[in-house]
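There are 4 protein chains.
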Amino acid sequence: MSKIQVAVLGATGMIGQRFIQMLEDHPYFEIEGLYASERSHGKRLGDVLKVRDHVYKDDIMDRRIETMDLEKISKNCRVAFSGIPSELAGPTETELAGKGVAVFTNAGSHRMDRHVPIIIPEINWSQFDSVKDQDTYSSGGYIVTNANCSSTGIAIPLKALYDAYGLKQVFVSTYQALSGAGYPGVPSLDAVGNVVPFISHEEEKMESELAKMLGTYENGDFKYADFKVMANCARVPVVDGHLESLVLELGADPSLEEFEKTLADFRAEPQKFKLPSAPEQPIIVRHEENRPQPVFDAMAGTPERARGMATTVGRIRKSNGYYKVFALSHNTLRGGAGGSVLNAELAKAKGLL
Amino acid sequence: MSKIQVAVLGATGMIGQRFIQMLEDHPYFEIEGLYASERSHGKRLGDVLKVRDHVYKDDIMDRRIETMDLEKISKNCRVAFSGIPSELAGPTETELAGKGVAVFTNAGSHRMDRHVPIIIPEINWSQFDSVKDQDTYSSGGYIVTNANCSSTGIAIPLKALYDAYGLKQVFVSTYQALSGAGYPGVPSLDAVGNVVPFISHEEEKMESELAKMLGTYENGDFKYADFKVMANCARVPVVDGHLESLVLELGADPSLEEFEKTLADFRAEPQKFKLPSAPEQPIIVRHEENRPQPVFDAMAGTPERARGMATTVGRIRKSNGYYKVFALSHNTLRGGAGGSVLNAELAKAKGLL
Amino acid sequence: MSKIQVAVLGATGMIGQRFIQMLEDHPYFEIEGLYASERSHGKRLGDVLKVRDHVYKDDIMDRRIETMDLEKISKNCRVAFSGIPSELAGPTETELAGKGVAVFTNAGSHRMDRHVPIIIPEINWSQFDSVKDQDTYSSGGYIVTNANCSSTGIAIPLKALYDAYGLKQVFVSTYQALSGAGYPGVPSLDAVGNVVPFISHEEEKMESELAKMLGTYENGDFKYADFKVMANCARVPVVDGHLESLVLELGADPSLEEFEKTLADFRAEPQKFKLPSAPEQPIIVRHEENRPQPVFDAMAGTPERARGMATTVGRIRKSNGYYKVFALSHNTLRGGAGGSVLNAELAKAKGLL
Amino acid sequence: MSKIQVAVLGATGMIGQRFIQMLEDHPYFEIEGLYASERSHGKRLGDVLKVRDHVYKDDIMDRRIETMDLEKISKNCRVAFSGIPSELAGPTETELAGKGVAVFTNAGSHRMDRHVPIIIPEINWSQFDSVKDQDTYSSGGYIVTNANCSSTGIAIPLKALYDAYGLKQVFVSTYQALSGAGYPGVPSLDAVGNVVPFISHEEEKMESELAKMLGTYENGDFKYADFKVMANCARVPVVDGHLESLVLELGADPSLEEFEKTLADFRAEPQKFKLPSAPEQPIIVRHEENRPQPVFDAMAGTPERARGMATTVGRIRKSNGYYKVFALSHNTLRGGAGGSVLNAELAKAKGLL
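So the protein sequences, as listed, match chains F, Y, E and W.
The numbering of the first sequence is numbering that gives the first Met the number 0, which starts it at 0 and goes up by one.
The numbering of the second sequence is numbering that gives the first Met the number 0, which starts it at 0 and goes up by one.
The numbering of the third sequence is numbering that gives the first Met the number 0, which starts it at 0 and goes up by one.
The numbering of the fourth sequence is numbering that gives the first Met the number 0, which starts it at 0 and goes up by one.
So here's chain F without its partners, still in its complex pose (with noise of 0.2 Å):
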């Protein structure tokens, strides 16, 4: 069977570079071109190169980026993989959907729109029939986005324990990674030896978009979950992996044995499908002292398709009738590109690519 036809678009950014990073020799997916902004026309990857820790492919490397031509792509990709900036991922995602292009993307511009899903596939699996409500669905075209990097950090475990004891109250506090904020992103001279505690937006969508994504879509519309969020996010001087400290009240009381158990052995429809890009096992529990640390957890999964897909949780305490952990997760691969190739893989078990 020949592999479905897909373009990367912001291949000369860090989201678009770890998207080519999660297609190659992808089962499903064949990349067809490299698309970025007018700039880098002609330039070959190797030449605009962000990622530090992956080694590209020689003939990945040499591939030159094209100027996004919409018509082109519409005309030769069935899935369009968007790591562009949101105020141009806004328009550029709506023509290309209204094109026939499913569209998986990282940017924000869409997530709050009324029948655009916010999936991560572990969590609402049964949200993304969303889309078939989008006015260009019958086209073939449509939207779906991965969520912000911060809250998908914290969204699985809160969703494993949600189900399990219910959930009222998370306070978070964020220590983000630099390469969230794009290149060239944060300045180093605010970066070295410092933190900024300010990330634009970001508390916002952390205490919006994990009540969409835990609630449910009925009868064309999403209904939010009623837990209540807290967030405090600032930025640290790593380069990946979003570490963030949750206190959590739950609506029942489990021992911290079943606690830890309950995010051991949480598993979901990605992990029965068996979805490519899916961590056989998405909830990491580490017992040393310390972890997890960004230099050691951000990559944390298996197998090898999976690495920087699975969240790890450390840490378990309780203080105070509240529970209390640190959680990780890459913020470029699972909440980043690696999220949206694992939404396509869905749409895929799904029937709709």
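If you are wondering where the hints come from, they were derived from the structure by calculation, not from laboratory data.
You may find that some hints are simply not true.
[To be verified] No farther apart than 30 Å at their CA atoms in a straight line, the calculated lysine-lysine pairs in the DSSO-like style are these:
#  : chain 1 : residue 1 : chain 2 : residue 2
1  : F       : 56        : W       : 260
2  : Y       : 167       : F       : 317
3  : F       : 317       : W       : 42
4  : Y       : 56        : F       : 317
5  : W       : 317       : F       : 42
6  : W       : 167       : E       : 227
7  : F       : 56        : W       : 56
8  : Y       : 317       : E       : 260
9  : Y       : 56        : E       : 271
10 : W       : 42        : E       : 260
11 : F       : 56        : W       : 227
[To be verified] Examples of chain E residues toward chain Y, derived with CB under 7 Å:
#  : residue
12 : 47
13 : 51
14 : 191
15 : 192
Keep in mind the model is a prediction, meaning the values are calculated, not measured.
The beta carbon of each residue, even a glycine, is placed where N, CA and C say it ideally should be.
Fit chains Y, E and W to the known structure of chain F by using the hints.
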């Protein structure tokens, strides 16, 4: 009037050298000697320099480190400022107090002792009298501790809010500087590009010390304040300045303007008595969208002698009925050596020196 | 006597703010206005703060940035200190000089112009007279540049050695600070945990500027000194302070003691005339085995006003007939704004202001 | 054919864990045991993890560390790979060789011993025979060292140029990674935002080891090559990968194209014999204007098993008759554990295992 002779214990370390900085040209105190372990005996201070941002005077840089001779210290000094490691501090400080020396210490060894106060003069000036119940007091000797550096960072704003509105719950996550672990402290391979979500005993200290300090000393015992603290502590690659995110449940519902005014207008005894190292405005409120930051705000405080002694609060927000802020204070000045120097100034003001 | 009114151009940038720092309470100069591009018009200096380690006075922090109105500047100011980017600096500075303003600039645009000197007062005080040959001189306007920040770092020690022993070859490798690239400058994703072995045109500048500065100005032309420079330049994740390794071939064979004494004893006109920002000892020699280091030595220099204006040399060694040292100087003080302020002080001493 | 049993000494350290990485699924060798000091006895490898970027297999992570029992090691193992500290390495390795074990070590203790070679197989394959002159050889025991990590980084390019053009002088400045100092190694307070221009004995090693390696072994003695090395060594806040600037005086005057071709085309015995850990292309030349960089180039090398084993050279320039380049190699793979594993593969190829 001749100045009070003081010994600096642990002069080769980060805290010891901050003591020396705070004591330069001090109106009350004069450094009699610099003391440390035998290993450093005879070295110039300049040869074991740890503090990055302070320019010590040449004659200080040339002073020689002496081995800790408690007999000599107690003979020559009325006061000892102690920046020695906790495991050593316990017995050494007890012995010095027994010999009639007033010990002002950054070590945690005696913080939970029955009649030993943890003093931040802006908060619990009156608890200082507990020293009169210490066994050694009759000889003039006693021990006063400054608070843990991460507790200190938020204690003054919490006190201001506690007095004005009552305080029920404090959810705090820390972004703690490397200097808090002393020297050599955190290995660079753990620090560069990383966050370590664990600091030994730090969360326990924050969850107990704050309530002790905001409580009272009555009839020979400390009575704790009755709010709850839920703490998550992490180390970030910052040199100086502990940043902390706070979510607060108050006993009242002030507007954000009232809330801010309560913080900015807070003054206490150190300001009234114009203690030399007391900041004129203990809590500085900033309105920029991305402050406080360690590199800009760690040294906050006026006048010159009180640099690094003010706490900076920013990003005052409200969410779901909770108040959210970021706070920052200098961990080795206000949260270390500066705290103990201010405590000694208070002792002087109270006639106990 | 009333002070000379000066304009600071580029006040939102790193160099502009170092100008402001160097001009606080200056005995000769008074800041008339802070100027920058239209984008920042009306902002407080405090809102665009870039410099980490300096505590500006409150009234300075509250001053408003104005758009660069050359007419107004030339009417009100005798002097302009320019910290604007090179592409803008060229025509702006020419126009200001044409309007009778003495321009002291950090930009490289005019450095190789025929009658424009690159001045480090300790080195080429006499070359300053070249300004009299500039077309605009009759109107009182002229342009004086400070050297490139990496050249400056080693120029004074090289001058001392050149005069004493002759100099044949200089092999230099730089470890340059991030602030040298301005703000936003180097993206954090390039800086954290990394070294970038390329700084545009920096090696060429080092290989030409040093010979121009150590040469002479005769009969209307600069005559270059005849030693060779082989430079390798790299950017390291340091905030302030360019460290440079040197291997030198001299024209004589001094002992290491003589070599050191030549450096430590070096004094020149700025010291004789006691220019306000001139360091009493231009070259500080350190004997510790691991100095100079950016975090300890960037701010070297006495008195207070000359902090960051001395060059520190350490690790003086000899190998195979070559002399080896490490040198360090502050790239935005001595190698930037401080250099130009010192040049303006020299102009005053020479009666050209 | 059954694999050769090997012991890993120093398995809790950075180099020891790189040995384990290089030995996973090795075609010749099988890890018999992981050894370290008594303090770590019984711990899982996962509990003492140091290496950031490698994903060890689960069964390796669960292996227990054993105390170094030289009797047991010599009974069970033909080979010991040693990553223990130099002060301990000297006697331990001598004793093991005496018991018939072939020791491949990263420690410097024996590097200058009379019949002990410092081997980089691409350079001095033939010097390996010196082991036959070691006293313990008859029992099968001998010691082979890999070079110092900063010498290794440039040794292969220097060899290629030496053979092609002759080599007279090497001016080298290093930008060395933190992992080169082991763990805990450099304190973070010295590393963050700083450069330390001193590494104990490093310059002396570079100035002597390179000439030993590029020389010959004749009649029982090493004869040194006769070029001069002038080295300046500094530590930068980079995790892995030593970058080095070079200015070279050659014995001929090749064009930059010839110079580059000489490097890129260099092949030696490890490539001809296809040793498993040998990179297909030992020297990779890059043409981007800002490479090599530690974060992109430290892991250079193909095939998979040889990642981190190639040296990357970039920015080839000429200035005043000298050739200038930047070179980079992985200090704990090619310059540490990988170097010794390659040496053991060479021993196998020569029939000495």
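Outcome of the hint check:
1. Using a Cα cut-off of 30 Å, the hinted pair residue 56 (chain F) and residue 260 (chain W) holds, with the two alpha carbons roughly 23 Å apart.
2. For the proposed pair residue 167 (chain Y) and residue 317 (chain F), the alpha carbon gap of about 18 Å is at most 30 Å, so the pair holds.
3. This hinted pair checks out: residue 317 (chain F) and residue 42 (chain W) have alpha carbons roughly 27 Å apart, not beyond 30 Å.
4. With a C-alpha separation of about 49 Å, the suggested pairing of residue 56 (chain Y) with residue 317 (chain F) is violated against the 30 Å cut-off.
5. As the CA atoms of residue 317 (chain W) and residue 42 (chain F) are separated by approximately 27 Å, the hinted pair is consistent with the 30 Å bound.
6. Taking the CA atoms of residue 167 (chain W) and residue 227 (chain E), the gap is near 18 Å; set against the 30 Å cutoff, the hint holds.
7. Among the hinted pairs, residue 56 (chain F) with residue 56 (chain W) is consistent with the structure: their alpha-carbon atoms are about 23 Å apart, no more than 30 Å.
8. Annotation: proposed proximity of residue 317 (chain Y) to residue 260 (chain E) is violated, straight-line Cα distance about 63 Å (limit 30 Å).
9. Straight-line distance between C-alpha atoms of residue 56 (chain Y) and residue 271 (chain E) comes to about 24 Å, which keeps the hinted pair within the 30 Å bound.
10. For the suggested pair residue 42 (chain W) and residue 260 (chain E), the alpha carbons sit about 56 Å apart, so the restraint of at most 30 Å is broken.
11. A distance of roughly 40 Å separates the Cα atoms of residue 56 (chain F) and residue 227 (chain W); the hinted pair therefore is violated under the 30 Å criterion.
12. A cut of 7 Å between beta carbons decides the hint on residue 47 (chain E): the least distance to chain Y is about 10 Å, and the hint is violated.
13. Because the closest C-beta pair between residue 51 (chain E) and chain Y is about 4 Å apart, less than 7 Å, the hint holds.
14. The beta carbon of residue 191 (chain E) comes within 5 Å of a beta carbon in chain Y, closer than 7 Å, and the hint placing it at the interface holds.
15. Interface hint status for residue 192 (chain E): upheld, as the beta-carbon distance to the closest one in chain Y is roughly 5 Å, under 7 Å.
When held up to the earlier numbered hints, the structure conflicts with 4, 8, 10, 11, 12 and fits the remainder.
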